[in-house]
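*Asks:* So the sequence lines, in the order shown, correspond to chains A and B.
With my numbering, letter number 67 in the first sequence gets 67, and the count goes up by one each step, no holes.
With my numbering, letter number 44 in the second sequence gets 44, and the count goes up by one each step, no holes.
Because the hints were derived from the structure by calculation, they are not lab data.
Some clues are possibly wrong.
Straight-line Cα separation of at most 25 Å, SDA-like style, residue types lysine to any residue; simulated pairs [said to hold, decoys possible]: (1) B:K42 with A:N58; (2) A:K16 with A:N105; (3) A:K108 with A:T24; (4) A:K108 with B:S18; (5) B:K41 with A:K70; (6) A:K3 with A:Q83; (7) B:K55 with B:K14; (8) B:K42 with A:A71.
From chain B, some residues computed to sit far from chain A (all C-beta separations above 10 Å) [to be verified]: (9) V11; (10) H85; (11) F91.
Don't be surprised by glycine CBs; every beta carbon is placed ideally from N, CA and C.
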Amino acid sequence: AQKITQTQPGMFVQEKEAVTLDCTYDTSDPSYGLFWYKQPSSGEMIFLIYQGSYDQQNATEGRYSLNFQKARKSANLVISASQLGDSAMYFCAMREGWNSGYALNFGKGTSLLVTP
Amino acid sequence: GAVVSQHPSRVICKSGTSVKIECRSLDFQATTMFWYRQFPKKSLMLMATSNEGSKATYEQGVEKDKFLINHASLTLSTLTVTSAHPEDSSFYICSARTSTTDTQYFGPGTRLTVL
Numbered sequence: 001a002q003k004i005t006q007t008q009p010g011m012f013v014q015e016k017e018a019v020t021l022d023c024t025y026d027t028s029d030p031s032y033g034l035f036w037y038k039q040p041s042s043g044e045m046i047f048l049i050y051q052g053s054y055d056q057q058n059a060t061e062g063r064y065s066l067n068f069q070k071a072r073k074s075a076n077l078v079i080s081a082s083q084l085g086d087s088a089m090y091f092c093a094m095r096e097g098w099n100s101g102y103a104l105n106f107g108k109g110t111s112l113l114v115t116p
Numbered sequence: 001g002a003v004v005s006q007h008p009s010r011v012i013c014k015s016g017t018s019v020k021i022e023c024r025s026l027d028f029q030a031t032t033m034f035w036y037r038q039f040p041k042k043s044l045m046l047m048a049t050s051n052e053g054s055k056a057t058y059e060q061g062v063e064k065d066k067f068l069i070n071h072a073s074l075t076l077s078t079l080t081v082t083s084a085h086p087e088d089s090s091f092y093i094c095s096a097r098t099s100t101t102d103t104q105y106f107g108p109g110t111r112l113t114v115l
């Protein structure tokens, strides 16, 4: 079964607008971590934001915020004031439990294109 | 902080040769390193998890004799693709984490092309 689901293969947003990238996850473990990474065409994976399952507040990092809805098992990434440099693949990932060796399960990714 | 390097960034080799890829954590000690493989326009697939000083744990379907992983120190892990074949051509990317953080930091990746 897919642990991380990203239903949007591609998204467009106009520069300076906000965009939400969807991510839902599936786990029965009460302790988990959720991550978003950005992968530009160069291939490097850039860490953006982290949300722990026990964190009370939604994580924010600059223009990135994570809309964490635990009951719905969703962890959407919100990018505010999009910039042309935000065009990239975005991956949602989950670290499940503490016995998994901290390995990450990745979603299939969403390709974001920011237009002028 | 939290910089991970990979070397080489790109390698082209003949079928049957072995290729070694290095992954280094430059400014932190990595208790655990991970090796992923990524096909074009696909997600990352975990190949193995390696802890310093112990044998790597391979994911199901990953041949440990073909993909040799060594994690000799807290800052270095190597992946050796032995007797490479064209189907091994892929983007290999490593990540590292410390014992005190949940976050994995990724290297820039290595693009392997086997002719």
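*Asks:* Each hint should be assessed against the structure and marked as holding or not.
*Replies:* Taking the hints in turn, this is what the structure says about them:
Simply put, B:K42 and A:N58 have alpha-carbon atoms about 28 Å apart, too far for the 25 Å limit, and the pair is violated. For the given pair, A:K16 sits about 31 Å from A:N105 by alpha-carbon distance, which is inconsistent with the 25 Å threshold. Only pairs whose Cα atoms come within 25 Å are accepted, and A:K108 paired with A:T24 is accepted, the gap being roughly 12 Å. At roughly 30 Å between alpha-carbon atoms, A:K108 and B:S18 are farther apart than 25 Å, so this suggested pair is violated.
A hinted pair counts as satisfied when its Cα atoms are at most 25 Å apart, and B:K41 with A:K70 does not qualify at roughly 29 Å. At most 25 Å may separate the alpha-carbon atoms for a hinted pair to count; A:K3 and A:Q83 exceed this at roughly 30 Å. With a C-alpha separation of about 28 Å, the suggested pairing of B:K55 with B:K14 is violated against the 25 Å cut-off. For the suggested pair B:K42 and A:A71, the alpha carbons sit about 29 Å apart, so the restraint of at most 25 Å is broken.
Annotated as non-interface, B:V11 keeps its C-beta farther than 10 Å from every C-beta of chain A; the closest such distance is 14 Å. No beta-carbon of chain A comes within 10 Å of the beta-carbon of B:H85; the shortest separation is about 22 Å. Listed as outside the interface, B:F91 is inconsistent with that label: its C-beta sits roughly 6 Å from the nearest C-beta of chain A, within the 10 Å cut-off.
The structure does not agree with the numbered hints 1, 2, 4, 5, 6, 7, 8, 11 stated previously, though it agrees with the rest.
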